[in-house]
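Each protein sequence line maps, in turn, to chains A and B.
For the first sequence, our numbering assigns the number 80 to the initial residue and increments by one for each residue that follows.
For the second sequence, our numbering assigns the number 80 to the initial residue and increments by one for each residue that follows.
If you're looking for bench data, these hints aren't it; they were derived computationally from the structure.
Incorrect hints may appear among the rest.
Remember, identical chains collapse to one label, so a pair may be satisfied in a single copy or spanning two.
Quick list of in silico lysine-lysine cross-link-like pairs, DSBU-like style, CA-CA up to 35 Å [what the hints assert, rightly or not]:
#1 Lys424 <-> Lys301
#2 Lys174 <-> Lys132
#3 Lys301 <-> Lys337
#4 Lys174 <-> Lys408
#5 Lys174 <-> Lys147
#6 Lys301 <-> Lys408
#7 Lys85 <-> Lys316
#8 Lys424 <-> Lys124
#9 Lys424 <-> Lys132
#10 Lys124 <-> Lys310
Number of protein chains: 2
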Amino acid sequence: MTKDVKLANDRFLRACRREPVDYTPVWLMRQAGRYMAEYMAIRSKYSFLEMCKNPEVAAEVTLQPVHKLGVDAAILFADILLPLEGMGISLEFAKNEGPVIHNPIRSEADVRALRPIEPAEDVPYVLEAVQLVQRELEGRIPLIGFSGAPFTLASYMIEGGGSREYINCKRMMWQAPQVWHALMDKIAGVVVSYLTAQVQAGAQAVQVFDSWVGTLSPADYKEYVLPHSKKVMDGLKHLGVPVIHFANNASTLLELVKEAGGDVIGLDWRINLDDAWQRLGYDVAVQGNLDPMALMAPPAVIEQKVQDILARAANRPGHIFNLGHGIHKETPVEHAIALVEVVHKYSRR
Amino acid sequence: MTKDVKLANDRFLRACRREPVDYTPVWLMRQAGRYMAEYMAIRSKYSFLEMCKNPEVAAEVTLQPVHKLGVDAAILFADILLPLEGMGISLEFAKNEGPVIHNPIRSEADVRALRPIEPAEDVPYVLEAVQLVQRELEGRIPLIGFSGAPFTLASYMIEGGGSREYINCKRMMWQAPQVWHALMDKIAGVVVSYLTAQVQAGAQAVQVFDSWVGTLSPADYKEYVLPHSKKVMDGLKHLGVPVIHFANNASTLLELVKEAGGDVIGLDWRINLDDAWQRLGYDVAVQGNLDPMALMAPPAVIEQKVQDILARAANRPGHIFNLGHGIHKETPVEHAIALVEVVHKYSRR
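Input sequences plus hints: build the corresponding full structure.
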């Protein structure tokens, strides 16, 4: 474990704990990604899954935005579906089509056949990548590990890939709730093992991504998701690292997301940060919340939007600046660099 | 105009005006659609655009759910993109791919070339369908006309079809705001002409669909959309018919949507109806808000969800029951029939 290493820049971890900082820390979701020429140069040599499973490559692309953007935290390059393979899921990334799962989970028997994972056996490359990144970072900034949340992982497993309507997912929820809960319980256990192993390998914080849970009504979230996300959050507490809980497109679920747990609640761009924080209460930190598409705008517009978000955060301890969703591949890299600069500049206390 | 015809069932119009009703009126967005065998029988003989442009066919499918489901209002069968052709947009519905616009709007010159529409010339088939439906309905229930809202129409025109990220749309907003506003102003004018003509042909209410505006932050909605949606709402006031303003996935925009206008505010399923109505204030009616996917659930689950929504509406005058988005093509038709029945049954005063 390297989490007790003294960090040169610990603003991100301090903000997670709602401690005062000299300026607002910033990192970008999917910051190791296709908008960066250095990433594309490597991507041209490997498939996406090959990149994920090669620790040297994963470590290298994890570090690219650290060098290029000057962010206050690194986030491991990986895919949220990686731990599913160990459960028995057959995963493929079809060219330009996103993930395809060849054996979608639809029945009680399917759920029963899913195995728990043993991270050291099933995702050794992820843990090696964490260690390699930490060796390179030499304590400059912290490294964030991450996982998908149970609903988001279940949605891929049931639909067999990405979805717009989650029809099979919702069918299972409502038609076979005991099968649904058994599946979610298994996934929650896997998420806890997976994130625990990342922290033990050296990650100093973790983020749980519930990217697609915004398709649910508050009542359905409460009944079908909250207990399982809470199991994850409760299972991570003893690790002693900050946990960021990000539910995308979930403005009406925020109170329930907080109830499930997390030291930091991630916010997308659809809600004003001050309204969200007031609803959540100030006993939790928040992360966000610039529209990722705003990075397509001219620098003056970006600057104005950053200032608006910082004004809403009002220098209250516990704000981590981020996009409201992953950075887009068409983002001009110089706009991402400028974003980090203006966040630092305008938030200096 | 037939709007002064005495209706046998005027519960829908009474609820729009927040007058007491003996039970809660219900209709379903996209109720004339592919989940119904009678619709598919006709669809097998015509392309989608042919159906829209043939008044007899459009009228027939408009009436199918009236007979089959017992809803309290009919809504015209049409597509929101139809009025764009008169503006100079070249529209096609590619097989299984949704709408394709061959000349997307990207520049000031593109916007300048767009024409206002003359509904009697450009969409005569829509107005004829309204008249045919009214002849068949014989005053049993009211007919709702509809249009896309300026943002949603602009998003198709700029992106050239459906979108997930609205990258070109947002680029125009932020990089060329004067071009954006000129486009939105032109579209708003078209929407007013189009809906005015539908009302003059006999529609007793209209709904404005802002299906994709939920991709915007509150600040961007306020600056780039609200003035144009308000122009539409203001332009419809003198018609004296109720206007439903439905912004999908827009829980954080509701107050601004109300500010733009509308007698009834549509709600998707992501928000609790009571929370939404309290935020909006009780000087406006609300419509919604069952998850359309809930119709995949067993009848007992549907019934429980209906009772929850009705309990949240609390018999307050001004609630129209609906789905939170269009009915899905895989919906069992008997579930749609059961929905209408249970809404009527459990809401009886």
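Hints, one by one, checked against the model:
1. Taking the closest pair of Cα atoms, Lys424 and Lys301 come within 35 Å of each other only across two copies (27 Å); inside a single copy the shortest separation is 40 Å, beyond that limit.
2. Proximity of Lys174 and Lys132 under a CA criterion of 35 Å is satisfied intra-copy only: 17 Å inside one chain copy versus 39 Å between copies.
3. In this assembly of identical chains, Lys301 and Lys337 lie within 35 Å of each other by CA distance both inside one copy and across copies; the values are 12 Å within and 28 Å between.
4. In this assembly of identical chains, Lys174 and Lys408 lie within 35 Å of each other by CA distance both inside one copy and across copies; the values are 16 Å within and 29 Å between.
5. Taking identical chains as interchangeable, the C-alpha atoms of Lys174 and Lys147 lie at most 35 Å apart only when both belong to the same chain, with a minimum of 28 Å there against 44 Å between chains.
6. In this assembly of identical chains, Lys301 and Lys408 lie within 35 Å of each other by CA distance both inside one copy and across copies; the values are 34 Å within and 27 Å between.
7. In this homomeric assembly, Lys85 and Lys316 come within 35 Å of each other (Cα to Cα) only inside a single copy, at 21 Å, whereas the closest approach across copies is 65 Å.
8. For a Cα distance limit of 35 Å, the shortest separation of Lys424 from Lys124 qualifies neither inside one copy, at 37 Å, nor across copies, at 63 Å.
9. For a Cα distance limit of 35 Å, the shortest separation of Lys424 from Lys132 qualifies neither inside one copy, at 37 Å, nor across copies, at 57 Å.
10. For a Cα distance limit of 35 Å, the shortest separation of Lys124 from Lys310 qualifies neither inside one copy, at 40 Å, nor across copies, at 53 Å.
Checked against the numbered hints above, the structure violates hints 8, 9 and 10; every other hint is satisfied.
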